[in-house]
Amino acid sequence: MQERVIFKSRSLPYLLVAPQIIITLIFFLWPAAQALYQSFLIEDAFGFSSEFVWFENYQMLFEDPYYIDAFLRTGLFSLAVAGLSMSFALVLAGFADRVIKGALIYRTFLIWPYAVAPALAGALWVFMFDPTLGIWTYFLKFVGVDLNYKLNGNHAMTLVILAAAWKQIAYNFLFFLAGMQAVPRSLIEAAAIDGASPMRRFWTIIFPLLSPTTFFLLVINTVYAFFDTFGIVHSLTSGGPAKSTEILVYKVFNDGFIGLDLGGSAAQSVILMAIVISLTIVQFRYVERRVQY
Amino acid sequence: MVENRRFLRIVTHIVLILGIAIIAIPIWIMLVGASHDGVRMLQVPVPLMLGDQFWVNFNAALFGTGLEGTETAPVWLMLLNSLIMALSITFGKIIISLLSAFAIVYFRFPMRMLCFWMIFVTLMLPVEVRIIPTFEVVANLGMLNSYAGLSIPLIASATATFLFRQVFMTIPGELVESARIDGASPMRFFIDFLIPLSRTNIAALFVILFIYGWNQYLWPLIITTDQANYTIVMSIKQMLEAAEQSPVWNIIMMTALLAMLPPVLVVILMQKLFVKGLVESEK
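Chains as they are written, first to last, in our numbering: chain W, 30 to 322; chain Y, 670 to 952.
Bear in mind the hints are in silico, worked out from the structure with no lab data behind them.
We put the beta carbon where it would ideally sit given N, CA and C, even for glycine.
Treat the hints with care, since some could be wrong.
Derived list of chain Y stretches under chain W, where covered just means 3 residues or more per stretch with a C-beta under 8 Å from a C-beta of chain W [claimed, not checked]:
#	region
1	744-755
2	784-790
3	812-821
4	879-889
5	917-928
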């Protein structure tokens, strides 16, 4: 590769990176290091002194049935959100890929939920599924479902999953559609001439060629479900009833700010960081292949 | 489309319209909620069609003193706060990322790779996972309840830096060479060439970052305790809590509508830039 043309200056580059680096150091790296450090400490009940305990906080976490539950719940939650949202988006993208007239209008009406804040999505769900006033609660009574997400943990979880998946459809739709439009038309035409039906063409040509996109979206959706759904859980259920919708990010917040268990919350933070780091590495290692057909 | 089959075409449009309808139902219900009077919204079943109280609720929500029984600020003030926060985050991220990408691509200096990796690491440290120590830092710096506290801790951006780095690397070296021969200083080159050449990327990123900034929830929630600094998105939780005692759903839904309108309008009106920004920023 050819050497890039560069400017020569001793101090200017440092001045240029300074704002970014200073903010990174103060608000990203230092707090992350603090979280790591605090995760090895246990404070006494009054916050006067703290003791260095090595991995005791972590040990306590993994012996805590609530934490194990929250872990499993988060896994299940992200699988459900990714599965639901991606399959819905895949169907819509499959059909939208066929449309020539009005394609832009369809796209406009399918992508806007991306812009709705998670907390607002939660608020909409509260209104629609309110145990006494909600319009869906009213309709569901006719089919014999007595919906009450404030008392029934399964109902609450279902609602959180629906809200989270709803918000993510737009994103998945756009990437699936872009992936489909990158499939060479000649392949599809050749298959059509050989008499393959649209359904068959989708499953034997388009879907296999989409696998890099699908994999990429799976990672992105997992990250989304793990970290960006805090607002939905907080505004819709506050983790309840009886912790039935308490996912990991919510638990970090709740144990730290409400429960004031700093060491335990810091240990949870560190575990979450490890999860983001591994997801990011997976994304960066495989994302390159995304558009190679 | 490969073949021209009437039946298939009709099915295609029906499926898409159904999809749009399913996605839009929550918004329809919200609009209905925002267009009836408060009393009507307490009778089961709640209406399914739009009412005629839309502008009454609009005025009550926007210029009223907030919900009775809550401690939220007036909605117009919270909208203003959200706007200031969103714009500060957006411009902050774009400016510092442009500068650092410029340094990394066009200069060779000791610790260049260290800077690069430090910026990269921020990608792996979303605010959700380091929430308490970050809060402590901001508290120690005396930045609680301020616009600076709302925006500055969020403006480091690996994504934007990498995006601009890629854009700059596609700019031919001859251009830099000729600018240098003509005696342009590095900053002149940056302002006269790099910024204009990357303006569509800047615009696309602006759309994505504005949505990101406007929709911040957890961060404003923990660092603002003074009503004067509340943002509209975080206030919705307090309204929902107040709704447990006195559900004024017409006002709550109107507030929610006002809170989601700016980013939604940005997506709809700048759709092309939005799609470009979304695809580019995920590379």
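Outcome of the hint check:
no., hint, result
1, 744-755, "violated (count 0)"
2, 784-790, "holds (count 4)"
3, 812-821, "violated (count 1)"
4, 879-889, "holds (count 5)"
5, 917-928, "holds (count 5)"
When the structure is compared with the earlier hints, violations turn up for hints 1 and 3 and for no others.
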